[in-house]
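Q: Starting from the known structure of chain V, arrange chains G and U on it as the hints suggest.
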Amino acid sequence: MTSEEIKKIVTEKFPDKLKEAKIFGFEPTFIVEKDSLLDVCLFVKESKELAFDLLSCMSGADYPDRFEMVYLLFSFSRKHKMSLKVQLPKDNPEVESATAVWKGADWYEREIAELFGIKFKNHPDLRPLLLPEDWNEGYPLRKDWTGKDFLKMPDVK
Amino acid sequence: MLELDQLFKNIYLWGENLFTQWGIPLFWLELLGMLIVAVIILAFMSLSVLFLVWWERKVSGHMQSRFGPMRTGWHGWLQTIIDAIKLILKEDTTPGTADKIGFLIAPIIVFVSAFMAYICIPFGKGLIVKDLNIGILYILAITTFTVIGLLTAGWCSNNKFSVLGGFRSAAQIISYEVPLTLSILGVVILSQTLSMQSIVNSQKHIWEWYIFRQPIGFLIYLVAAIAEINRVPFDIPEAEQELVAGFNVEYSGIKFAMFFFAEFANLFLVSAIATTLFLGGWNGPLLPSWIWFFIKSFFLVFVIMWFKWTFPRLRVDQLMGFAWKFLLPLAFINLILTGLFA
Amino acid sequence: MNQEISEIYTEEFFVNMGPQHPSTHGVLRLLLKMDGEVVLDMVPHVGYLHRSMEKIAENRTYYQYIPYTDRIDYVSAMFCNQAFCMAMEKLANVPVPERAEYIRIIMVELNRIASHLIWLGTFSLDLGAITPFLYCFREREKILDLFEMVCGQRMTFNYMRVGGVSRDITPEFIPMAKEFIKYFLPRVDEYEDILTNNPIFLSRTKGVGLLDQKTAIENGVTGPSLRGTGLKCDLRKDEPYSVYDKFNFDIPTGETSDVWDRYMVRIQEMRESAKIVLQALESLPEGPIKTKISAVFKPPAGEVYLRIEAPRGEMGFYIVSDGSPKPYRLKIRTGSFSNLTVLPIISRGWKIADVVAIFGSLDVVLPEVDR
Numbered sequence: 001m002t003s004e005e006i007k008k009i010v011t012e013k014f015p016d017k018l019k020e021a022k023i024f025g026f027e028p029t030f031i032v033e034k035d036s037l038l039d040v041c042l043f044v045k046e047s048k049e050l051a052f053d054l055l056s057c058m059s060g061a062d063y064p065d066r067f068e069m070v071y072l073l074f075s076f077s078r079k080h081k082m083s084l085k086v087q088l089p090k091d092n093p094e095v096e097s098a099t100a101v102w103k104g105a106d107w108y109e110r111e112i113a114e115l116f117g118i119k120f121k122n123h124p125d126l127r128p129l130l131l132p133e134d135w136n137e138g139y140p141l142r143k144d145w146t147g148k149d150f151l152k153m154p155d156v157k
Numbered sequence: 158m159l160e161l162d163q164l165f166k167n168i169y170l171w172g173e174n175l176f177t178q179w180g181i182p183l184f185w186l187e188l189l190g191m192l193i194v195a196v197i198i199l200a201f202m203s204l205s206v207l208f209l210v211w212w213e214r215k216v217s218g219h220m221q222s223r224f225g226p227m228r229t230g231w232h233g234w235l236q237t238i239i240d241a242i243k244l245i246l247k248e249d250t251t252p253g254t255a256d257k258i259g260f261l262i263a264p265i266i267v268f269v270s271a272f273m274a275y276i277c278i279p280f281g282k283g284l285i286v287k288d289l290n291i292g293i294l295y296i297l298a299i300t301t302f303t304v305i306g307l308l309t310a311g312w313c314s315n316n317k318f319s320v321l322g323g324f325r326s327a328a329q330i331i332s333y334e335v336p337l338t339l340s341i342l343g344v345v346i347l348s349q350t351l352s353m354q355s356i357v358n359s360q361k362h363i364w365e366w367y368i369f370r371q372p373i374g375f376l377i378y379l380v381a382a383i384a385e386i387n388r389v390p391f392d393i394p395e396a397e398q399e400l401v402a403g404f405n406v407e408y409s410g411i412k413f414a415m416f417f418f419a420e421f422a423n424l425f426l427v428s429a430i431a432t433t434l435f436l437g438g439w440n441g442p443l444l445p446s447w448i449w450f451f452i453k454s455f456f457l458v459f460v461i462m463w464f465k466w467t468f469p470r471l472r473v474d475q476l477m478g479f480a481w482k483f484l485l486p487l488a489f490i491n492l493i494l495t496g497l498f499a
Numbered sequence: 500m501n502q503e504i505s506e507i508y509t510e511e512f513f514v515n516m517g518p519q520h521p522s523t524h525g526v527l528r529l530l531l532k533m534d535g536e537v538v539l540d541m542v543p544h545v546g547y548l549h550r551s552m553e554k555i556a557e558n559r560t561y562y563q564y565i566p567y568t569d570r571i572d573y574v575s576a577m578f579c580n581q582a583f584c585m586a587m588e589k590l591a592n593v594p595v596p597e598r599a600e601y602i603r604i605i606m607v608e609l610n611r612i613a614s615h616l617i618w619l620g621t622f623s624l625d626l627g628a629i630t631p632f633l634y635c636f637r638e639r640e641k642i643l644d645l646f647e648m649v650c651g652q653r654m655t656f657n658y659m660r661v662g663g664v665s666r667d668i669t670p671e672f673i674p675m676a677k678e679f680i681k682y683f684l685p686r687v688d689e690y691e692d693i694l695t696n697n698p699i700f701l702s703r704t705k706g707v708g709l710l711d712q713k714t715a716i717e718n719g720v721t722g723p724s725l726r727g728t729g730l731k732c733d734l735r736k737d738e739p740y741s742v743y744d745k746f747n748f749d750i751p752t753g754e755t756s757d758v759w760d761r762y763m764v765r766i767q768e769m770r771e772s773a774k775i776v777l778q779a780l781e782s783l784p785e786g787p788i789k790t791k792i793s794a795v796f797k798p799p800a801g802e803v804y805l806r807i808e809a810p811r812g813e814m815g816f817y818i819v820s821d822g823s824p825k826p827y828r829l830k831i832r833t834g835s836f837s838n839l840t841v842l843p844i845i846s847r848g849w850k851i852a853d854v855v856a857i858f859g860s861l862d863v864v865l866p867e868v869d870r
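Chains as they are written, first to last, in our numbering: chain V, 1 to 157; chain G, 158 to 499; chain U, 500 to 870.
With the rest of the complex left out, here is chain V:
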């Protein structure tokens, strides 16, 4: 299925819940409202035409004004791909866990939770994954993070 067709199906189903639908990155990309994320995820996974069964990758990003979660999806049966995005506020970023839809989100969310400090509601087990158990120096992948051994490289022109 082409990007345009996927875009059409998703926008028809959720006309008011998608903030933006434009094509970039892992196209097509939708920016979904925080509250309706699970609904959209469930729909794109369960619907017969879309059938996005693989959560290929999941990542967070720290922008100056927001956090952004990105879900990169692929369908084995249909061989097409898309991505979903959620924008979260800087203070108290919290989002519904996608583990209810794709079990594979488990470890990705644990990683994001400890590196970005984004909370996942209804996650089965949100222990730190990569960092040491006694880590208390904040969230390393945030842009304002400075650890005691962190040395910033000079800017390149």
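Any given hint might turn out to be false.
What the hints assert, rightly or not - Derived EDC-like pairs (lysine to aspartate or glutamate); straight-line CA-CA distance at most 20 angstroms:
1) U:Lys-713 - V:Asp-53
2) V:Lys-121 - V:Glu-49
3) U:Lys-713 - V:Glu-46
4) V:Lys-103 - U:Asp-711
5) U:Lys-850 - U:Glu-536
6) V:Lys-103 - V:Glu-114
7) U:Lys-731 - V:Glu-114
None of these hints come from the bench; they were simulated from the model.
A: Just chains G and U now, kept in the frame of chain V:
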């Protein structure tokens, strides 16, 4: 000829003369003789273990398209001696939570049971420490003590991996003891004796060798014996990739060396028993009897090594299933057939 | 009698398998809840090799980061190189000359063989067969010689560049590589002789560690482990990148999705990779090996997610660029990371020896998990 039995007999006679000359009771000569024999056996065991370790490394090396030890001496013949010295000099640590007494006793039990079994091995014509009339039964009984040592080692190390290893070895050795004994019984029925020398004497010619009259028995013996001495493909008690090193995971230094020593001593032991029971023992043309014995034994050792470097390892339940569901019925059938046609 | 048995007190116990354990392939800690020999539950603890690759990326220019990608998965470093360079090419729309694409494919497919050889060796070692390990390393040595000839390195290559490769292959390379393939294919048969039909190997692998297709996809398992469940999926065919559409090769799949199937898929893949290398060597075009681009690489602002088929499943780079010479955010998706998540699911109820076999069959490389 190069037969050694006359030599030993002459030494004994010479000693007897000397003792009667000096007026010392012959009891002391017996005692001295026992001590000397014990030392000889120990020296022989050490030498053969040193050689076997080196040989194992060479065999594995050449099977794996490499050389094995090459740097110490001619083709690395000094390697195991150096290793042995290293192991003896190494610090001998005991884990803080271990059961100290059991931890100490375990390697000794394993070592002694291997050592004592050598008494009944006919190395050549007349070359046997004591030709017990229940020789083979004695060997079977004494080697089973190994399991007590391994279980003690596993339990007293107070380590979960070694406990698992100890349990595995207990289950495995006891299970394989049964087909092993049954396969030997076939030979006993045919030779009508339990004495090792008499069994050898009953297979003077090559067509009398029990391997031809008891082929199934021989195979059962070989498989069960490999399991008895915990070697691949039956090395689950120390399965390196699962239990790290199983029962001996906490051992180091001289105690580890004793386990290691006992393992290779047992390797030679089972080959020697197989040679005696199935391959005609020291019987053979031209060459002196003890040379024939070593040729046959070391060939079997080589076969067992060959298995080790070729096969993957069985799982613990498959191992048990193999013993009870396949080897045991087969051994019984073999025994019944032997009894019917003997 | 029954009462007597019930009086015997038994309890489950916990075993820490790792971080230092012979068969955890690196530093992984598996916390096993065991009932005797049977594994009731398992919790993998990772992170012992965490080197903050993603944070480092934000602090380096794109060019400076290429050597770091070698260290993501040092067993198949060419793939990390390729994925990162392709992501940058897609981001900045840099064309790649055809010769460079061919050379890349020769390199990555040789690297796939080398990676699978390491897997085969360690996997058979996990099952207690020691000799195949040495055989695999013997052949891998020859591949590393080929790599050394081209890029001067044996493990961490730093070979690919944005818009091409760093050096052209030497004239001696092609005959040597062809000779290697000719030498290598009979060697695969040799591995099969020693393992595939060995009854002990079969009893250890057949029917063990069943991973059904639904669970696999749910958990994001990709690569040979997923193909072992019978799904014909391979990014080289699904969305042909580079010049894979010009080559003729098959995607081997399994049937029953047990350890043996995953083993068989990888064995077959080695043959297929050899086939691709041979075809690429035959039809290697002449031409430049690198597109000229500016010394400071500044991709336009935007995002890209690019995946390739690495030996351990999809390897992907998600890069957010803000137009500066450094990536704003770089996320590395690796096959091992997702593949490891199914380990607790498929090893429940099996014996500890099977856990070792199952873990081996998933082909997890720990630096790739921890990054």
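Q: Take the hints in turn and mark each one as holding or not.
A: Cross-check of the supplied hints:
1. Using a Cα cut-off of 20 angstroms, the hinted pair Lys-713 of chain U and Asp-53 of chain V holds, with the two alpha carbons roughly 9 angstroms apart.
2. The suggested pairing of Lys-121 of chain V with Glu-49 of chain V is violated, with an alpha-carbon distance near 29 angstroms, which exceeds 20 angstroms.
3. Restraint check for Lys-713 of chain U and Glu-46 of chain V: satisfied, since their Cα atoms lie roughly 13 angstroms apart, inside the 20 angstroms limit.
4. With a C-alpha separation of about 14 angstroms, the suggested pairing of Lys-103 of chain V with Asp-711 of chain U holds against the 20 angstroms cut-off.
5. Restraint check for Lys-850 of chain U and Glu-536 of chain U: the C-alpha separation of about 5 angstroms stays at or below 20 angstroms, so the hint holds.
6. Between Lys-103 of chain V and Glu-114 of chain V, the direct Cα distance comes to roughly 18 angstroms. Compliance with the 20 angstroms bound is thereby established for this hinted pair.
7. Of the pairs offered as hints, the one joining Lys-731 of chain U and Glu-114 of chain V is violated, with about 35 angstroms between alpha carbons and a cut-off of 20 angstroms exceeded.
Checked against the numbered hints above, the structure violates hints 2, 7; every other hint is satisfied.
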